[in-house]
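Q: Sequence:
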Amino acid sequence: MQYTSFHALVSSLIFLVYWLMIVATTLRIVFKRRPTTYVIAWMLVIYILPIVGIILYFSLGEAHLGQQRVKRAQKMRPIIANFINRISIFPDIFTTQVSQVSKPIFQLCKHQTGLDGINGNHIELLSDTDTIFDHLIEDINQATSNIEMVFYIWNEGGRADDVEKALIEATKRGVTCHLMVDSAGSRRFLRTNASKRMREAGIIIIEALKVNLLRFMFRRLDLRQHRKVAIIDNYISYTGSMNIVDPRFFKQNKHVGEWVDIMVRMRGPVTTLMGAIYASDWELETGTDLALPQITDFAEPPEEKKHIMQLIASGPGYTENMIHQVLLTAIYAAQKQIIFTTPYLVPSDDILHAVCTAAQRGVEVIIIVPKKNDSLMVKWASRAFFSELLEGGVKLYQYNDNLLHTKSVLIDNQLSLVGTVNLDMRSLWLNFEITTVIDDAEFAQSLFSLLQKYLAQSEKVNNEIWKQRPIWQRIVERLFYFFAPLL
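Numbered per this note's numbering, the sequence shown spans residues 1 to 487.
Hints were generated in silico from the structure; no laboratory data involved. The model shown is predicted, which means the values in this text are computed figures rather than measured ones.
Result set (DMTMM-like, lysine to aspartate or glutamate): computed pairs, CA atoms no more than 25 Å apart in a straight line: (1) Lys210 x Glu156; (2) Lys251 x Glu207; (3) Lys172 x Glu207; (4) Lys71 x Glu283; (5) Lys306 x Asp128; (6) Lys467 x Glu364; (7) Lys254 x Glu477; (8) Lys196 x Glu138; (9) Lys460 x Asp374; (10) Lys460 x Asp128; (11) Lys395 x Asp374; (12) Lys103 x Asp92; (13) Lys210 x Asp374; (14) Lys379 x Asp401; (15) Lys379 x Glu459; (16) Lys453 x Glu124; (17) Lys210 x Glu200; (18) Lys196 x Asp162; (19) Lys453 x Asp401; (20) Lys453 x Asp134; (21) Lys371 x Asp128; (22) Lys75 x Glu283; (23) Lys110 x Asp350; (24) Lys165 x Asp128; (25) Lys172 x Glu200; (26) Lys165 x Glu200; (27) Lys371 x Asp246; (28) Lys110 x Glu320; (29) Lys372 x Glu391; (30) Lys71 x Asp289; (31) Lys467 x Glu388; (32) Lys254 x Asp374; (33) Lys210 x Asp222; (34) Lys395 x Asp412; (35) Lys336 x Asp412; (36) Lys172 x Asp161; (37) Lys460 x Glu391; (38) Lys196 x Glu169; (39) Lys251 x Asp222; (40) Lys336 x Glu459.
My request is simple: use the sequences and hints to build the entire structure.
A: Below, the structure is given as structure tokens:
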């Protein structure tokens, strides 16, 4: 009898503790002020998967960096603020003279970062893999002072090996080389002879956001360093969608073809700002001070053509929801046409409604996504949004050849956004990302021409045919739709 009473007491206590954990976690989710769909998705996980759901939430549901990184971020804030104040002594570099469609975004950036549009840059759009590698390797070969790189994926083989050789040769000339790669995206590279050779040559390589299963309660495991950036001599910089991979060798076992990417090559004062972002990331990850670019580097280049642009850095420690705000502002500013390219289409409710509203007020909205995708979950989650987009008047195209990995937005053939951000919740709310905002009709025309080539290799999704897809596909889509905010 006593044993039965004790057993009942223990069972009651366990049940009480469990429900207290459920209630506490639920309240924590609600008070985070995240999108409603995000809240509902996590509550489903928690209630459907007892205990496991709570563990998953605390390991994957909050963008916590860990105590050490938070302290470093707090230390960096006044340093970066002082850096921004110091570069403001170059009034000729900054401008408020931007196009009408770009004005709301540049005003938003000014309010959030303290910087107006950055003038005096020369920007090239590079859309062919070999061309990108050729330019990057040539710039590395010409480097005389410093090279900084950060990439989500570094995969040895093919042209990536050429970059490795160029960096090793640069160190022999006395060039200081820093390389940051993401722990998850580049886990194979970090264990290869290639990374060993580079370290032995004097290249400083760090593993960003190291995956540690023992510390999953203290730092979110799927928080990733997703930037793709190269900086040469504080004057030339690159960013865009391409990792240091040769698409002829990368993920061929996925049967999605070669990845299709773009990069922008920039010369001018914007590279100084890119260097400051890199230095901040480096100290955040290592605790080691990497000198900020010299203010004297913030000078106009000799080229006649001067592009006006902004850099949007996003992720923990940066202005919250910044890239999400920029995208929404761009969509609402559009008057004629919006063209998106994204490999992963899992938009927030706000962006979904914004693009549908734009289409319904007469703006031509085109979204190009790959027909083949390396992520099965994202593929089905993306399909779950097709019906609402098509009913809203959005034109959807599926790229047939290879895996379209380009991340870009073109507004009214004037405003271009190119960078590392996918139209999914992970890029919009979580990862460390970088986006260039370019206000220039000539650059926009180059991007438009490229997008027309993509469209020529794409198949338009017909709404009437889409409605006739098998019922099992609809069921799978809806299942993934519930958890789309978590992808």
